[in-house]
Amino acid sequence: MSIIITKEEVAFQNEEKEKRAAELSVANKQLAFQNKEKEKRAAELSIANKELAFQNNQKEKRAEELVVANKELAYQNEVKEKRAAELIIANEELAFQNAEKEKRAAELSVANIELAYQNEEKENRAAELIIANKELAFQNEEKEKRAAELSIANKELAYQNKEKEKRAAELIIANKELAFQNEEKEKRATELIIANKELAYQNEVKEKRAAELIIANEELAFQNHEKEKRAAELSIANIELAYQNEEKENRAAELIIANKELVFQNEEKEKRATELVIANKELEQFSYIASHDLQEPLRTVSNYMKVFEEDYTDVLDNNAHKYLHSVNSAIKRMSLLVKSLLDFSRLGHNTNLAFVDCKNLIDVVLLDLETMIEKSNTLIEVSEMPQLNVYEIEIRQVFQNLITNAIKFRKENTRPHIKIHSEKINDEWKFSVNDNGIGINPVYFERIFDIFQRLHTNEQYEGNGIGLSNCKKIIQAHQGTIWVESDPERGTTFYFTIPNLTT
Amino acid sequence: MLVDDNADDNFFHGRIIEKSDPAYVVVAEQTGKDALEYLKSEKKNNALHPDLIFLDINMPGMNGWEFLEAYDKLEEKYKSRAIVIMLTTSENPDDRTKARAMNIASDFKTKPLTQEMLEEIVRKYFTE
Numbered sequence: 001m002s003i004i005i006t007k008e009e010v011a012f013q014n015e016e017k018e019k020r021a022a023e024l025s026v027a028n029k030q031l032a033f034q035n036k037e038k039e040k041r042a043a044e045l046s047i048a049n050k051e052l053a054f055q056n057n058q059k060e061k062r063a064e065e066l067v068v069a070n071k072e073l074a075y076q077n078e079v080k081e082k083r084a085a086e087l088i089i090a091n092e093e094l095a096f097q098n099a100e101k102e103k104r105a106a107e108l109s110v111a112n113i114e115l116a117y118q119n120e121e122k123e124n125r126a127a128e129l130i131i132a133n134k135e136l137a138f139q140n141e142e143k144e145k146r147a148a149e150l151s152i153a154n155k156e157l158a159y160q161n162k163e164k165e166k167r168a169a170e171l172i173i174a175n176k177e178l179a180f181q182n183e184e185k186e187k188r189a190t191e192l193i194i195a196n197k198e199l200a201y202q203n204e205v206k207e208k209r210a211a212e213l214i215i216a217n218e219e220l221a222f223q224n225h226e227k228e229k230r231a232a233e234l235s236i237a238n239i240e241l242a243y244q245n246e247e248k249e250n251r252a253a254e255l256i257i258a259n260k261e262l263v264f265q266n267e268e269k270e271k272r273a274t275e276l277v278i279a280n281k282e283l284e285q286f287s288y289i290a291s292h293d294l295q296e297p298l299r300t301v302s303n304y305m306k307v308f309e310e311d312y313t314d315v316l317d318n319n320a321h322k323y324l325h326s327v328n329s330a331i332k333r334m335s336l337l338v339k340s341l342l343d344f345s346r347l348g349h350n351t352n353l354a355f356v357d358c359k360n361l362i363d364v365v366l367l368d369l370e371t372m373i374e375k376s377n378t379l380i381e382v383s384e385m386p387q388l389n390v391y392e393i394e395i396r397q398v399f400q401n402l403i404t405n406a407i408k409f410r411k412e413n414t415r416p417h418i419k420i421h422s423e424k425i426n427d428e429w430k431f432s433v434n435d436n437g438i439g440i441n442p443v444y445f446e447r448i449f450d451i452f453q454r455l456h457t458n459e460q461y462e463g464n465g466i467g468l469s470n471c472k473k474i475i476q477a478h479q480g481t482i483w484v485e486s487d488p489e490r491g492t493t494f495y496f497t498i499p500n501l502t503t
Numbered sequence: 001m002l003v004d005d006n007a008d009d010n011f012f013h014g015r016i017i018e019k020s021d022p023a024y025v026v027v028a029e030q031t032g033k034d035a036l037e038y039l040k041s042e043k044k045n046n047a048l049h050p051d052l053i054f055l056d057i058n059m060p061g062m063n064g065w066e067f068l069e070a071y072d073k074l075e076e077k078y079k080s081r082a083i084v085i086m087l088t089t090s091e092n093p094d095d096r097t098k099a100r101a102m103n104i105a106s107d108f109k110t111k112p113l114t115q116e117m118l119e120e121i122v123r124k125y126f127t128e
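Line by line, the protein sequences give chains D and U.
Under my numbering, the first residue of the first sequence is numbered 1, with each subsequent residue one higher.
Under my numbering, the first residue of the second sequence is numbered 1, with each subsequent residue one higher.
Just chain D, with the same shape it has in the complex (with noise of 0.2 Å):
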């Protein structure tokens, strides 16, 4: 700033200093007036000094108090301060070192279970270890007991190896001895070519027999031939053969021979079944035909003594008569025995089986038999019966028999009782016939059954011996059996049975 001022500069200068006097005296005046004003206001300012001077007052007393305080307060803070600062630090350092223990807590968590974990394999590898350890020693015991046995086997062996070395020392003397008989045999063997010539004549003996035997035979010559060959140069052992041949060959014709016996006898008994299965047919055939063909001539003999006796009556005397009448019942006799005979005959010839009710079958026969019962008073029993497939006509004939046997067969004075029975055992009927009559001696139990075999004489009981001996076949036919039983003072039963039969 240039302190050059100019003459202007200073008119104007004074004017507005004039100005500025004038505002200036009213503004002193202003200022007069408030000065006045601040007067007052001093004046009271000053009351409110005064008080607040002993308010100060007051305060400063109050505020000395309270520095002591404060400086108390600091001082306690102070310490209070350091305290924190220290427990802070202290704290920090407890967190620290809490932070590290819970680190390390967790580690040492996870390394126990790991540590537990490995207990346990521990456990499980020592248990582990304790079995094999016990199978080990099981082992190491074996092996002792092997290595015991072994090192008494390698005694074994080392007897045995001296033995045999014994036994070769034995053996090369042995040998010399072989030696020395294989030159005897050398000798021996000149002397049994002639032997041999011998075996050839009895060879061609053989070959006499071997013609007989055919093929056997030859080969065994062809064998022998060979053998004898051999036989001059292997010279005992030779004759031991020869020996054995022969008694081979003696041997083989006799099991030859007892072949073709064999087989003869086989035959033979084929044969004979054969045979006689054609001898039972025929002798069959043979004994129907022949009781036929018996009937007829007998009947022309019966007719013309019943002529001779109607024509000659008159002129013939006593005795004519007498033999006449021991001529007609001898022919009755001889008629009946043919008739029966082709009723034996006969059996067999059915082949048809008929499925009968057995009730109906013996009321039939009793029907046939009434006159009989009736006349003889004979009590009847008959129980329940089946029904089966039987020949019927054949079978009604068997309960015909016994009935009439039983009948035929009473004791005196005592009222005849048939009892007749059956009953199922397994698969087949048995059926019973049972009496109160004069029994069988247990002796002829067997030979009742044969053809023409009487216990009595005609005169005793009437009969023809052949009853029996048709139920016997007829019950055979059925594939059944019939027997007796009885006791001369309870009677007699008839048992037989008859299988299930299929049509």
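Bear in mind the hints are in silico, worked out from the structure with no lab data behind them.
Keep in mind that a hint or two might mislead.
[Stated by the list, open to error] DSS-like cross-link-like pairs, simulated, lysine-lysine; straight-line CA separation at most 27 Å:
#1 Lys339/D - Lys33/U
#2 Lys109/U - Lys339/D
#3 Lys109/U - Lys306/D
[What the hints assert, rightly or not] What follows is a set of in silico ranges between Cβ atoms, one per label pair, in the way DEER data are often shown:
#4 Pro22/U - Ile278/D: 52 to 58 Å
#5 Ala23/U - Ile278/D: 54 to 60 Å
#6 Glu489/D - Ser20/U: 53 to 59 Å
#7 Asp427/D - Ile104/U: 44 to 50 Å
#8 Thr97/U - Leu367/D: 22 to 28 Å
By construction, the Cβ of each residue, glycine as well, lies at the ideal position given by its N, Cα and C atoms.
Knowing the structure of chain D, use the given hints to seat chain U on it.
Leaving out everything else, chain U in the frame of chain D:
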């Protein structure tokens, strides 16, 4: 008329018939052929047509069956309207069946012929 190769049987059967009624005339032939011849030439010995023929089965040459067939084929004028009855020893049920099947013979009887049999036959076949 009796047709049976067994002369003895013819004799006895004829006797039975004649004894039964002396009015009966018995003609006996031992072969079927002779019996047929008789039937065809009845006039020559003035005999009658038979009313009853007893016929055996087992006969040499023409047997009973063959006789029945030939008899069946006879011309009506020769054929007597006789009752034919088989009278044989055969008890073979087949023969009985066969006789029934042929339906020419009226009956089938087993030898020997008896008085009773004859009476029964007469009663059965000749009573009007």
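Hints, one by one, checked against the model:
1. Lys339/D - Lys33/U: 32 Å, violated
2. Lys109/U - Lys339/D: Holds, because 17 Å separates the two Cα atoms, which is no more than 27 Å.
3. Lys109/U - Lys306/D: Judged against 27 Å, a Cα distance of about 21 Å means the pair holds.
4. Pro22/U - Ile278/D: 52 to 58 Å: Distance hint for Pro22/U, Ile278/D holds at roughly 55 Å.
5. Ala23/U - Ile278/D: 54 to 60 Å: 56 Å, holds
6. Glu489/D - Ser20/U: 53 to 59 Å: Between Glu489/D and Ser20/U, where Cβ atoms are some 55 Å apart, the hint holds.
7. Asp427/D - Ile104/U: 44 to 50 Å: At 49 Å between Cβs, range holds.
8. Thr97/U - Leu367/D: 22 to 28 Å: 26 Å, holds
Taken one by one, the earlier hints fail for this structure only at number 1.
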